[in-house]
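Using the sequences provided together with the hints, build the complete structure.
Protein sequence lines correspond, in order, to chains A and B.
Each residue of the first sequence is one higher than the last, beginning at 1 in the working numbering.
Each residue of the second sequence is one higher than the last, beginning at 1 in the working numbering.
One thing to keep in mind: the hints can contain errors.
[What the hints assert, rightly or not] DSSO-like cross-link-like pairs, simulated, lysine-lysine; straight-line CA separation at most 30 Å:
1. B:Lys-183 <-> B:Lys-204
2. B:Lys-242 <-> A:Lys-183
3. A:Lys-183 <-> A:Lys-204
4. A:Lys-183 <-> A:Lys-242
5. A:Lys-204 <-> B:Lys-183
6. A:Lys-204 <-> A:Lys-242
7. B:Lys-183 <-> A:Lys-183
8. B:Lys-242 <-> B:Lys-183
9. A:Lys-204 <-> B:Lys-204
Hints in this document: simulated from the structure, not taken from any laboratory.
Protein chains: 2
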Amino acid sequence: MAREFTLAELIEGVGAGDRRAIARAITLVESRDPAAYELVRSLYPRTGGAYSIGITGPPGVGKSTLVGALIGRLRRDGTTIGVLSVDPSSPFTHGAVLGDRIRLVDHFLDPGVFIRSMASRGHLGGVAEATLQAALVLDASGKELLLLETVGIGQSEIEIAQVADTVVLVLMPGSGDSVQALKAGVMEIPDVIAINKRDHPQAKTMLNEVRAVLALGARRDWEPPIVLTEAARGEGIDELWKAIQGHRSHLSEGGRLEARRRRSVAAEVFALASARAKLHLERAVAGDPELRRLLDLVERRELDPLTAVREILERVFRIEGGSDAADPR
Amino acid sequence: MAREFTLAELIEGVGAGDRRAIARAITLVESRDPAAYELVRSLYPRTGGAYSIGITGPPGVGKSTLVGALIGRLRRDGTTIGVLSVDPSSPFTHGAVLGDRIRLVDHFLDPGVFIRSMASRGHLGGVAEATLQAALVLDASGKELLLLETVGIGQSEIEIAQVADTVVLVLMPGSGDSVQALKAGVMEIPDVIAINKRDHPQAKTMLNEVRAVLALGARRDWEPPIVLTEAARGEGIDELWKAIQGHRSHLSEGGRLEARRRRSVAAEVFALASARAKLHLERAVAGDPELRRLLDLVERRELDPLTAVREILERVFRIEGGSDAADPR
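Take a look at the structure:
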């Protein structure tokens with residue numbers, strides 16, 4: 001527990017939007033301090049006021065620059081913003097070009113913005129859990145808008161962004177693999193698509209490819225707008241913000257936002273429980289000589305993998321023979 | 001259980017390389033028939049003779065065409081081959097251009113080749129389990145080489161291919177996202193890289209980008225060769241095969257193959273156990289009104305997500321408070 005804050009002071013401080021209290025709270029969450037659990041539990045009834053935007057996309061497309069430009073745009077309206085970045089190559093940590101850093105320094109000093117890069121050390125589940133808890137802290141602190149930036153290239157990696165109210169997928173000319181993944185249904189259709197680096201000679205081609213992919217699917221409740229941006233020069237940011245607001249007002253009708261948040265909460269709780277079960281399993285196998293011995297037997301082909309799986313599940317989770325888990329009925 | 005085969009006949013038939021027995025065995029595995037478990041358990045001591053090659057890469061790069069061309073090349077040497085494809089857009093199922101189908105029809109009729117497309121319906125863990133069990137069936141049937149084709153765009157999707165002895169990543173000009181993912185360390189470095197569609201004007205650029213990424217990392221035990229192919233015309237296939245053989249002979253020295261297979265088996269058992277635990281959790285939550293009620297409380301912000309996670313884990317897996325799972329020590 002922090003020396004500077006008691007738990008009660010921390011709850012009070014976060015609730016009042018105090019920067020030092022927020023920073024300390026997120027550090028507790030990241031270090032998986034038992035006090036963090038109590039803290040978020042106490043803060044939870046105060047959450048739900050923030051609107052969250054997930055910014056996802058493959059590495060190198062300029063997500064962080066786009067986030068920086070969006071912050072600049074939103075601060076002109078006085079909107080308070082919390083930013084969590086789980087991009088391992090994020091400018092908030094080390095991957096920045098000078099221009100990004102300079103732009104972000106302004107935001108770091110702005111009391112209406114709280115920016116935090118989430119350490120992606122360790123397993124994906126742990127980062128997801130810490131990020132979602134940190135988002136609750138920022139929500140409870142009174143920030144009106146949350147930006148969750150994640151690197152998405154597969155399903156598990158973009159899970160974090162998927163809990164947001166609006167999911168923005170950022171692509172750039174050359175993002176052929178992501179376009180193919182959208183086409184093949186490997187990647188979910190986002191709410192807004194931004195094609196960054198619009199000055200690139202292939203930008204128009206990418207736009208047409210993305211349009212063609214969106215035209216392929218069944219009619220949707222919401223057709224994702226495609227916005228061309230040049231984040232490094234702040235171009236297209238107004239249009240991007242309008243597209244996000246368009247989705248937000250779409251959600252505001254007919255109880256759509258509530259329904260979406262219900263699904264998100266269920267998915268989130270399930271994902272966290274799965275990640276914890278997996279971690280528990282990992283530690284059990286690492287710490288139990290009997291389970292190590294099972295793996296040795298499989299390696300020597302004296303025991304087949306599924307029998308080993310069954311015995312491990314029985315031993316670690318007391319799942320009856322693992323057979324009920326395998327049965328699709 | 002099959003009417004045509006008793007379990008004993010099936011074991012016998014697969015061991016003798018009988019096509020109908022192999023087909024029936026894989027169908028049992030896919031349908032999660034309890035007999036499949038007994039079958040693979042009985043066959044397991046006969047496995048380990050096949051050398052396995054994982055072929056992975058984003059959708060649309062031509063993996064299946066490449067697999068078809070590789071089969072053609074290998075059959076000239078008389079090598080017997082088992083092929084499992086878990087690509088949802090695979091030509092083995094529906095996504096084929098005419099040329100692919102014609103080329104593959106030859107292989108379908110060839111008694112030295114067994115090709116099977118694994119249904120990717122349902123969750124990823126289930127497909128992974130069925131595919132790995134089917135690979136054991138093909139291994140036990142005496143096939144000398146196994147080709148495991150999977151669509152890789154994120155970590156979980158390529159797990160199946162990662163258990164292979166040699167992992168080939170297939171890219172094409174335009175695979176910028178995958179190159180960036182390799183660069184950012186989001187995607188693991190494969191053993192061999194094939195750049196397909198080498199006649200594309202941007203093929204040389206892609207080659208240089210991939211070279212630059214490989215040059216970035218620390219010195220490796222094995223430097224992945226990069227091969228340019230034009231699978232649709234069978235070009236570069238000899239070079240690709242030489243690169244794969246190069247990796248195989250590298251593994252044959254100093255017990256490297258055994259060490260790699262030990263790691264693969266452990267990873268495989270762990271992945272299957274995790275997938276089963278996750279499935280068990282999913283069913284428990286779906287079937288238990290008390291657990292549904294917890295989610296409702298979270299949705300109404302009367303209970304925080306982590307407390308719900310703890311209660312779910314306690315109820316489903318009897319994990320003590322979930323806290324030991326959360327504790328990193």
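Consistency of the hints with the structure:
{"no.": "1", "hint": "B:Lys-183 <-> B:Lys-204", "in the structure": "18 Å, holds"}
{"no.": "2", "hint": "B:Lys-242 <-> A:Lys-183", "in the structure": "33 Å, violated"}
{"no.": "3", "hint": "A:Lys-183 <-> A:Lys-204", "in the structure": "18 Å, holds"}
{"no.": "4", "hint": "A:Lys-183 <-> A:Lys-242", "in the structure": "26 Å, holds"}
{"no.": "5", "hint": "A:Lys-204 <-> B:Lys-183", "in the structure": "26 Å, holds"}
{"no.": "6", "hint": "A:Lys-204 <-> A:Lys-242", "in the structure": "21 Å, holds"}
{"no.": "7", "hint": "B:Lys-183 <-> A:Lys-183", "in the structure": "24 Å, holds"}
{"no.": "8", "hint": "B:Lys-242 <-> B:Lys-183", "in the structure": "26 Å, holds"}
{"no.": "9", "hint": "A:Lys-204 <-> B:Lys-204", "in the structure": "22 Å, holds"}
Comparing the model with each numbered hint stated earlier shows that hint 2 is the single one that does not hold.
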